[in-house]
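S.K.: Start from the sequences and build out the full structure, keeping to the hints where you can.
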Amino acid sequence: MVQTRRVAAAVVAAVAMASSAQAISTSDRPAAIQVWPKVVVDSAGRFTQGVPVNTLITLSNTDHRGEKRAHCFYTNANGHCANNSAQVCRSATDCTASECTPGWAEMDFDVYLTLEQPLGWYASDGLSRGAFPKEGPFFCNAPLTQVPCTTDAVCGGLGCNVGQSNLGSGIPPVPEDPFIGTLTCIQFTIGSQSSPDQTVDRNRLYGEATILQGGPVIGAAPLPVDVAKYNAVGFRGQGVNFDPTNTFQLGGAGAEYDGCASTLILSHLFDGAIDPISNTRPASTDLTLVPCGNNFSSQIPGRTTAQFLVFNEFEQRFSTSRSIDCLFDGAISTIDTRNTARSIFSAGVAGTISGQTRIRGVGGNATGYGLIGTAQLSLGSGSSAAYNLHQQGVGGTDFIIIP
Amino acid sequence: MRELMRSPWLPVLGVLLAATGIVGVAGQARADVTTDDAGSIVIYPKVVSDGTRDTLIQLSNRSNMPVFVHCFYVNTAGRCSATTEQRCRLDGDCPSGESCARTCDANDFDVLLTAQQPTMWRASTGRLASLTPGPCRIGQTCGCSIDVASGQQICPGLEAAPSNSPYTPAVGGEFEGELKCYQTDVNGFPIPGNAIKGTAILENVSNGQISEYNALTVSANADPVVGVNQGQDLQLNYSGGGAGEYNYCPSNLVFTHYGDQAVDAFTNATVSTEITLVPCTELIEERAPTPVTVSFLGFNEFEQRFSADAISFDCYFSRSLADIPSEGQPLFVAGAGQWWKTRITPSASNICLTGSSRGLTCASDADCPGFLTSPENNSLGCRPAPGVLGVVEEFHAIGGLAVGTAANNMHVEGQRSGFGDVIVVPSLQ
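Chains as they are written, first to last, in the working numbering: chain A, 1273 to 1675; chain B, 10 to 438.
Since the hints were made in silico from the structure, they are not lab data. Take these hints with a grain of salt, some might be off.
[Claimed, not checked] If we take Cβ atoms under 7 Å as the criterion, some of the chain A residues that face chain B in the derived model are:
#: 1; residue: 1390
#: 2; residue: 1393
#: 3; residue: 1492
#: 4; residue: 1493
#: 5; residue: 1497
#: 6; residue: 1498
#: 7; residue: 1503
#: 8; residue: 1551
#: 9; residue: 1583
#: 10; residue: 1651
From the three backbone atoms N, C-alpha and C, an ideal C-beta is built for every residue, glycine too.
M.R.: Right under this line is the structure:
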């Protein structure tokens, strides 16, 4: 249905799209939509051997002229035990005599960024009113420029010169702890609650995530710290906005935003390979994949099938596939089997230390089949590094539908 | 002219590949300097092998054809100007009155990658082509060993090079600099294949902390008439349409970071940030260091704005925020704001790339006495100040003890124009 109502728009947009038909997502340029594929919070370390985990999110405005508004969505991808909906699980082994039921829920909020402003917050805490850097007090318009104000009432009819501020922002903490999920922020125009920003200043946001582990523990010695950082994945606006305005088309004819890549490429060390520098520590790579499209309006997550084509140094090729339902996060050697030593992603099977894996989304539901992701390499325990995936080629059409 | 250390067996192998019909190039033309996709030039801005840290380089071919790659390390490790046995990174590391003199020495080598082949090597040791050990097996340890004779690392995998020859060279234990590679045909001439990409893992050999970033790639214009030619000047002057060889470097770099010496509220670690920049212009054939001038413009979350202008360096810049704009005089500090967004912009002035006024602003070549000319007759005199590319790395410490590191790629804005930049590669001999 979504595709059908886009036909007319596609014809109108064909000329405008001519120069940008090859555009795909980016992790190194400011854009209008930013997606953080991996946001984790686990303050008690339930899924990390007792080591507390948090994610520091940064979101910045590169516009040197104006304030920008981002409408954001946390996607909660926690599973819950079938016999205890209060218990968060990642697999059935986390539950007592029940399955782990996959979950998906969105929570939205607004962030206002002043010109050139960087903002940072911990996913566990968010930022509430009073914690934003530019919330006032402000000052009345001339000649009462020394009179502090937060509303017009104290300015005797001259008005309170609020200027650019973070007023209107409110970033909630993630809804559960532990938490795993994603964050999506879409640039909107300041004056309208419903218009995505497709003006000349439309691609002004970028973001990073820092996954932090360890640190102080109440009543115990501090735990070793580990830090891993990646760039959010951006989709640049094309300068067009078709009805319905709550449906954003990524890629394809009539695209309002860059599309997803047809193929993601992960450079990695095979799981279990010994790090060539320390010569002692085994490598393990966690891969996070999420669909490009989501229906936040009807709370239907993107679903797709990821096909993996794995190459070792001998040019030998292995393949597998896996359903990506809302979010996949796990060691690459768990993608195809529970016996990690037998995985095509394990060094013992692949035969070499380094590998290259091509990942392609196929099938999918009404919101498309594109994928985005990030990776986190661990060498032994307590030492990891996150990095962005490479990509190749223009994918299909994906949709983000917001309430 | 300098000698190119090109492996003599490569042409032979190329003939064999051509005979079987598997030599092919010419990828799609794009217009990016990016960390997301493959390109025809790949740049690792930060490679360290100094005894404390080492670097694992990963390089991959994302095409279904074999690719030939020519690489050069640029070593910028510093030594004190008079006390030459003393290593340094800043003038302050040297005895009073001395400066830290960085070199800009290039060392080149070739790599052949088969279709879709990934490869990796440890910078300090390089990697030796060897038929042993064989492929790893289930239940066995899968690691590398050191060849006693050469000191190079031997790893399971395919090194497309004669056995017992260096697949990649060792940089040793006194290296800080960059690695640049470009795609060539079998004879060593640059081609617009857009097939290579890479990542680098920086590892502290003492505490094991690692950082990883994606190498930057520059796409090439595959147009056979107005695109990449076989000359030694790799010109970064392509905007995605019309004439030009490789894509322009960006106008600005921008990144968000903790204020210097900020304390992370979750881990209680104190954070310092190191900025590493390399020039887009590289004068390898001329053995000349590239003069660079950039400005830093930072905004914190309170909309305060600080700038550091006219920061100049040769070849390579890798400095903690604590030493920007100058040693021990940080500008982007935590006291003013926990978060900073900093934009780095190359100088808008023309400067002398070579000659006796190297690095000084100029109006024409006449202001650059003794300037050089490139093999393709491009003046290396009065030119736009070179563009820059870079990477950011955070160092987290508790009680002065390093506890964590993390690198990420900077964001890029815009595109340069006009002459752009040029990488002058060694001649084929």
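S.K.: Does each hint hold? Answer for all of them.
M.R.: Now for the hints, and whether the structure bears them out:
no., hint, in the structure
1, 1390, "holds, 4 Å"
2, 1393, "violated, 10 Å"
3, 1492, "violated, 14 Å"
4, 1493, "violated, 12 Å"
5, 1497, "holds, 4 Å"
6, 1498, "holds, 5 Å"
7, 1503, "holds, 6 Å"
8, 1551, "holds, 6 Å"
9, 1583, "holds, 4 Å"
10, 1651, "holds, 6 Å"
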